[in-house]
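A.B. asks: Letter by letter, the chains look like this.
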Amino acid sequence: MNPQTQTRAKVEHNGPLAILRFEGDVTSASKDAVLGTYQKLPPETKEILLDFSKVQYLNSSGIALVIQLLMEANKSGQKVQTFGLTPHFQKVFTLLGLTKYTSLHPTESAAKAAFG
Amino acid sequence: MNPQTQTRAKVEHNGPLAILRFEGDVTSASKDAVLGTYQKLPPETKEILLDFSKVQYLNSSGIALVIQLLMEANKSGQKVQTFGLTPHFQKVFTLLGLTKYTSLHPTESAAKAAFG
Amino acid sequence: MMSKALTDREQAVTTELRLPSRLGYEKVAMSTAASVAGLMGFTDDRIEDLKTAVAEACINAIEHGNRLDASQTVLVVLSIAENTLEVKVVDRGRGAVKSSVRVPDIDRKMHGEEDLRGMGMFLIQSLVDEAEWVNDKRGGSYARLAIHLDREKEVSDEPSDPD
Amino acid sequence: MMSKALTDREQAVTTELRLPSRLGYEKVAMSTAASVAGLMGFTDDRIEDLKTAVAEACINAIEHGNRLDASQTVLVVLSIAENTLEVKVVDRGRGAVKSSVRVPDIDRKMHGEEDLRGMGMFLIQSLVDEAEWVNDKRGGSYARLAIHLDREKEVSDEPSDPD
Ligand SMILES: Nc1ncnc2c1ncn2[C@@H]1O[C@H](COP(=O)(O)OP(=O)(O)O)[C@@H](O)[C@H]1O
Ligand SMILES: Nc1ncnc2c1ncn2[C@@H]1O[C@H](COP(=O)(O)OP(=O)(O)O)[C@@H](O)[C@H]1O
Chain A
0 MNPQTQTRAK VEHNGPLAIL RFEGDVTSAS KDAVLGTYQK LPPETKEILL DFSKVQYLNS
60 SGIALVIQLL MEANKSGQKV QTFGLTPHFQ KVFTLLGLTK YTSLHPTESA AKAAFG
Chain B
0 MNPQTQTRAK VEHNGPLAIL RFEGDVTSAS KDAVLGTYQK LPPETKEILL DFSKVQYLNS
60 SGIALVIQLL MEANKSGQKV QTFGLTPHFQ KVFTLLGLTK YTSLHPTESA AKAAFG
Chain C
0 MMSKALTDRE QAVTTELRLP SRLGYEKVAM STAASVAGLM GFTDDRIEDL KTAVAEACIN
60 AIEHGNRLDA SQTVLVVLSI AENTLEVKVV DRGRGAVKSS VRVPDIDRKM HGEEDLRGMG
120 MFLIQSLVDE AEWVNDKRGG SYARLAIHLD REKEVSDEPS DPD
Chain D
0 MMSKALTDRE QAVTTELRLP SRLGYEKVAM STAASVAGLM GFTDDRIEDL KTAVAEACIN
60 AIEHGNRLDA SQTVLVVLSI AENTLEVKVV DRGRGAVKSS VRVPDIDRKM HGEEDLRGMG
120 MFLIQSLVDE AEWVNDKRGG SYARLAIHLD REKEVSDEPS DPD
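Going down the list, the protein sequences come from chains A, B, C and D.
73 is the number that numbering that gives the first Met the number 0 gives to position 74 of the first sequence; each next residue is one higher, with no gaps.
65 is the number that numbering that gives the first Met the number 0 gives to position 66 of the second sequence; each next residue is one higher, with no gaps.
50 is the number that numbering that gives the first Met the number 0 gives to position 51 of the third sequence; each next residue is one higher, with no gaps.
56 is the number that numbering that gives the first Met the number 0 gives to position 57 of the fourth sequence; each next residue is one higher, with no gaps.
Hint data in this document are derived by calculation from the structure and do not stem from the laboratory.
Listed next, the in silico DSSO-like pairs over lysine-lysine satisfying Cα-Cα at most 30 Å (straight line):
id : chain 1 : residue 1 : chain 2 : residue 2
1  : B       : Lys90     : C       : Lys87
2  : A       : Lys30     : D       : Lys97
3  : A       : Lys99     : A       : Lys9
4  : C       : Lys97     : B       : Lys30
5  : C       : Lys87     : D       : Lys87
6  : B       : Lys90     : C       : Lys97
7  : A       : Lys39     : A       : Lys9
8  : C       : Lys97     : B       : Lys99
9  : B       : Lys53     : A       : Lys53
10 : B       : Lys39     : B       : Lys74
11 : A       : Lys90     : B       : Lys53
12 : A       : Lys90     : D       : Lys97
Just the calculated beta-carbon pair ranges, DEER-fashion:
id : chain 1 : residue 1 : chain 2 : residue 2 : range
13 : C       : Gly117    : D       : Ala11     : 26 to 36 Å
14 : B       : Gln38     : C       : Lys136    : 43 to 53 Å
15 : B       : Ala113    : A       : Lys53     : 33 to 43 Å
16 : D       : Val102    : B       : Pro86     : 45 to 55 Å
17 : D       : Asp44     : C       : Thr42     : 26 to 36 Å
18 : C       : Ala69     : D       : Asp68     : 27 to 37 Å
19 : B       : Glu107    : D       : Asp44     : 26 to 36 Å
20 : D       : Asp149    : C       : Gly117    : 36 to 46 Å
21 : C       : Thr42     : B       : Ala113    : 27 to 37 Å
22 : D       : Val96     : C       : Asp149    : 40 to 50 Å
23 : C       : Asp44     : B       : Lys53     : 18 to 28 Å
24 : B       : Ser75     : C       : Glu113    : 19 to 29 Å
25 : A       : Gly14     : B       : Glu107    : 41 to 51 Å
Every residue, glycine too, gets a C-beta built ideally from N, C-alpha and C.
Based on the provided sequences and hints, a complete structural model is requested.
C.D. replies: See the structure below:
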């Protein structure tokens, strides 16, 4: 038994838009799910939506992986919008400054609309 | 600080019908909320609806109080219907035999309808 | 369950909780047990069953074992070995005996012929896969509950990348 | 908080949890701490803050303090005294120092000028009312977190009938 839950990530593509839907915990064990999934996106991806609505637990090591994703997306000129975080994790993302590189939205449609 | 949560009971009357809505935990500390509330019902009460939809935790001492309520209602010729129990506590009530003296319903309207 | 030689990976992994003998603290044991069972991949309804069984065992330890003496603690030992979660609830009293498990007779209760209480041990026994009460003259007595993961039915998480 | 003479009712009431040094078990500490905070009447959002702080302290104890050594345990001591919930997370290592708390600079992280990790202690400090790190050469080092009930704002349950 491994007490660290495996993170699952489902990906949906739609032209330049990719939606990454995470499930499970986002921790140090989530490297594949977060970065691996990001790195496998097709090169035409310009807009990335991160869906945390099925994630109940994130810790600082998991958030470090999200920051790395934001860093790589930033380098590639991709825009990232985030939704589905609980109010608590919205606060945590804000405390850690991630909101400078991704906006936090209450719903998927609000997040999509933010790409303009 | 008292680590046993106080149980609250709200009562609604409608002619012969009384609805007892419990909130909080139902434990050995719930005597007033369960039996006290029952005993203060007006004498014309013939039908009693027990609402557990805001109760998250019941233990065997709390259930003993519910059995005492059923006993007193039975003696007074009152009918009791129950709703709002989680599937787990439906199982517990069934295991303990309470379902012989009160039926468990999924919704308030189903419970009301059962008075016929 | 510990009968065959265990590899390192399969050795019991233990979590211990020590609670004050105060009614209400059984809820802390419920949360802790639920969380450990969650790590193992038990389904929500098995976890609900376990929580109620653990609560009843802790209430008995607080009330009957330690007689509500705030200076005594209740020890809850949660051990994972292979597919089994074992929970021991230890108190400082003389312990319960299995023969105290009474199958409640609701008709007798309704007619005042049987104590309204006395349903805890029956509930424990009904809700877990194994229940026993051990009378330990030296170390304190305990209730021992166990549940088994049914790997065929319950979908535990795949082991994740050890990183 | 223990400075004035305490009546019996106000003496610290302690719950202890002992966890294996395995990542993932911090979730058990989160559940236990949330449950104790719930007994005290803390609001859900304060409990969420506490859970994250406790998780980060346990992860540090597991990773840095006990270096993932499965034979070492992490001890979590939860004490209630008056309106304060204090959580000590004790490990067997040399302990953290307050000066290790780094305010993360997201711009530097985004430009590869700062380690992506190193946010745990900052989070702990941001989410609880008190945080300190104590280097105890004998008994193991600990992180000490505390949150205070604000009786004006938080509606704790009225004491119930002691029965
Ligand atoms: N931990 C214990 N220590 C001593 N006696 C116990 C313990 N647990 C149970 N018992 C005994 O067994 C009886 C039945 O317990 P139980 O079925 O849980 O019902 P209840 O606690 O409501 O009486 C108790 O009344 C008590 O006499
Ligand atoms: N319990 C501990 N024992 C020893 N060192 C610690 C402990 N907690 C934290 N530290 C030290 O403080 C540093 C910062 O910790 P933290 O902010 O939680 O970030 P991270 O754990 O991601 O490095 C750690 O890298 C470690 O060197």
